[in-house]
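As you go down the protein sequences, you meet chains C and L in turn. Here the working numbering is used: the first residue of the first sequence is 1047, the next is one more, and so on. Here the working numbering is used: the first residue of the second sequence is 35, the next is one more, and so on.
Please note that the accuracy of each hint is not assured.
[What the hints assert, rightly or not] Going by beta-carbon spacing under 8 Å, a handful of chain C positions derived as facing chain L: (1) Gln1055; (2) Arg1060; (3) Ile1070; (4) Leu1071; (5) Val1073; (6) Cys1075; (7) Val1076; (8) Cys1078; (9) Pro1119; (10) Ala1142; (11) Val1145; (12) Leu1149.
[What the hints assert, rightly or not] Residues of chain L clear of chain C, computed beta-carbon distances all greater than 12 Å: (13) Ser179; (14) Ala237; (15) Leu265; (16) Ile269.
Keep in mind that the hints were calculated from the coordinates and are not lab data. Beta carbons: idealized from backbone N, C-alpha and C, even for Gly.
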Amino acid sequence: MAVTQESRQFVLFRLGDEEYGLPILSVRCVICYMEPTPVPLAPRGIEGVIDLRGQLIPVVDISMRLLAREFEPEPRSRIVVAEGDSGLVGLAVDSAGEVVSILASDIRPASKETLPVAAAEAYEGVASIEDRFILLLDPAKALLETEFMPPVAEDGDGDN
Amino acid sequence: MPGEYRGSGRNRSVSFKLTMMAWVTIGPAVAIGLLTTALFAGFVLRVDFVSLIWIAAFGGVVMLVCAIPGQLAYRNALRQRVLAPLGEVVSQMQTSAESVMTAAGQLAGAASEINSSCLEIGSAMQKISNGLDLQSSEVEAMSTSTESMTASFNNVAARADETREMSRQAAAAALLGEEITNETIRKIAAVRNAIEALSSSIAVLGVRSKEIGTIVGVITSIADQTNLLSLNAAIEAARAGQLGQGFAVVAEQVNTLSERSAKAAEQIGALIGEIQDETAESVKRMEISAAEVVLGSELADKTGEALHQITEAVGRTAALADEIASAMADRAQDANKLDRSMHDIAAVAEESAGSVQQSAAATEEQAACTQEIAAAAQELADMARRLRESALQFELD
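All chains should be built: construct the whole structure from the sequences, respecting the hints.
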């Protein structure tokens, strides 16, 4: 998804100590965390499904995907409902509550050396707002329903 | 005569001797007188020597003839008028001498007895004198002891006075202490009440802060909900594109408010938490304080009791010290009297010693006198004996 604007809006969420951002247009809504119902034979990284106003949507353990550690629910935990290529996907996060506008010029490409995990291809880039360091996710890569852990493709990460 | 028969022979010889003596005495004088007369007569009358002799012889014969009857008469008269009474006197003298001898012997015996008695008296006097000297020195020593005793009594009395004074002060101090302790007990009770009130107040405060905590929880959850709503509103606004831009601004403001509310609620929550911790701690401390206060109250009670006992004991001590002081004063007076009596006794003993000395001297003198008397009696006896012997030699006749 290529957005060429002076500034772009991101929905921020937190996982552990890191702050992440998703492009606002790829987010449908943010809801309070609810325990997902486990699904038999679900692919790895899928916690289960939740009922969002009559619609069953899978919840991805993005913590496991990005940080290789299990998600632990907290009172302020949220589920960010994003629109993936294959439909709505829930992301279980520690907290979410802010929308920020980031100038395109403030976004820098993510360098694979500085990123925490090998799953660097899930990132679109990084942005610094004041003293905050925000990792911007590429929804197309991050929201794959199936696992993307095995680093198969070397096919560059889209635009800058 | 009955008194004469014994000395009749002696009387005779006495008379004879007297006659002879008269003759011997008178005779030569008469003869010389006659001779002188004759010589003078012869010288004057120129009578020759032979005539003279004759005349003298004649005169002598005449004289003798004349003298014989005179002599006889004289002898008779002498015998009757002198020798008989003299014999009587001599015999009386003999009996007197004998009785004098006897009496003198008795006197000598009595004198020697008196003398020995005097000696005994003298030695007894010496003993008495020694005893009196000893008594005097003992009395002196006793007097010294009595004086030091008096000083001791006075000292003790003074100490007892001091003790009484100290006891009085101590009693006053203990009484004051008792009052203060009672005041302390009242204050402690007040503190206890205050602590209890404070404790319940703090408990209420704890309950209130818990309630506030609950309310803060509600506010926090509302802020969260608001935040979520604002977030979703922002998302919706973004999705509405150009049309949603005004809404997006509102959503952002609401978001800001919700964040501020959340932050404030969080601060309040933290403060409430601190308050609750402090309250719990305070309640705990209050309980400890209450226990300490109870303990303090009990201790103060005990202190009060102890002080009361001290007051009583000190009062008794003061009374005892009083008694001691008065008893000591009495004893000191007694000792003074004793001392005076001792001095009197000493004076009397000294006087007695003097008297005894005088008596001893007198006794010695008496002894000497009796010795003299004995000697005189002896002499008298001797004299009487000699007189008797002399009287025995008398032979009147």
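Consistency of the hints with the structure:
Here the hint on Gln1055/C is kept, as its CB sits about 6 Å from the closest CB of chain L, short of 8 Å. Restraint check, Arg1060/C versus chain L: the minimum CB separation of about 13 Å is more than 8 Å; hint violated. Hint on Ile1070/C holds. Least Cβ distance to chain L is approximately 4 Å, under the 8 Å limit. With 8 Å as the threshold, the beta carbon of Leu1071/C comes within range of chain L, its nearest partner Cβ sitting at about 6 Å, so the hint holds.
Interface restraint check: Val1073/C against chain L, minimum CB-CB distance 5 Å, threshold 8 Å, status holds. Evaluation of the Cys1075/C hint against chain L yields a held restraint, the C-beta minimum of about 5 Å falling below 8 Å. About 5 Å separates the beta-carbon of Val1076/C from the nearest beta-carbon of chain L, less than 8 Å, and the hint is met. Of the supplied interface hints, the one on Cys1078/C holds, with its beta-carbon coming within about 7 Å of a beta-carbon of chain L, less than 8 Å.
Among the interface hints, the one on Pro1119/C is violated; its C-beta lies about 15 Å from the nearest C-beta in chain L, farther than the 8 Å criterion. The restraint placing Ala1142/C at the interface with chain L holds, with a minimum CB-CB distance near 7 Å, inside the 8 Å limit. Residue-level restraint check for Val1145/C holds (minimum Cβ-Cβ distance to chain L is 4 Å; threshold 8 Å). Restraint check, Leu1149/C versus chain L: the minimum CB separation of about 16 Å is more than 8 Å; hint violated.
For Ser179/L, the shortest C-beta to C-beta distance to chain C comes to about 105 Å, beyond the 12 Å cut-off, and the non-interface label holds. Residue-level check passed: Ala237/L sits 29 Å from the nearest beta carbon of chain C, beyond 12 Å. Once the 12 Å rule is applied to beta carbons, Leu265/L is inconsistent with being away from chain C; the minimum gap is 5 Å. Residue-level check failed: Ile269/L sits 5 Å from the nearest beta carbon of chain C, not beyond 12 Å.
The earlier numbered hints that this structure contradicts are 2, 9, 12, 15 and 16.
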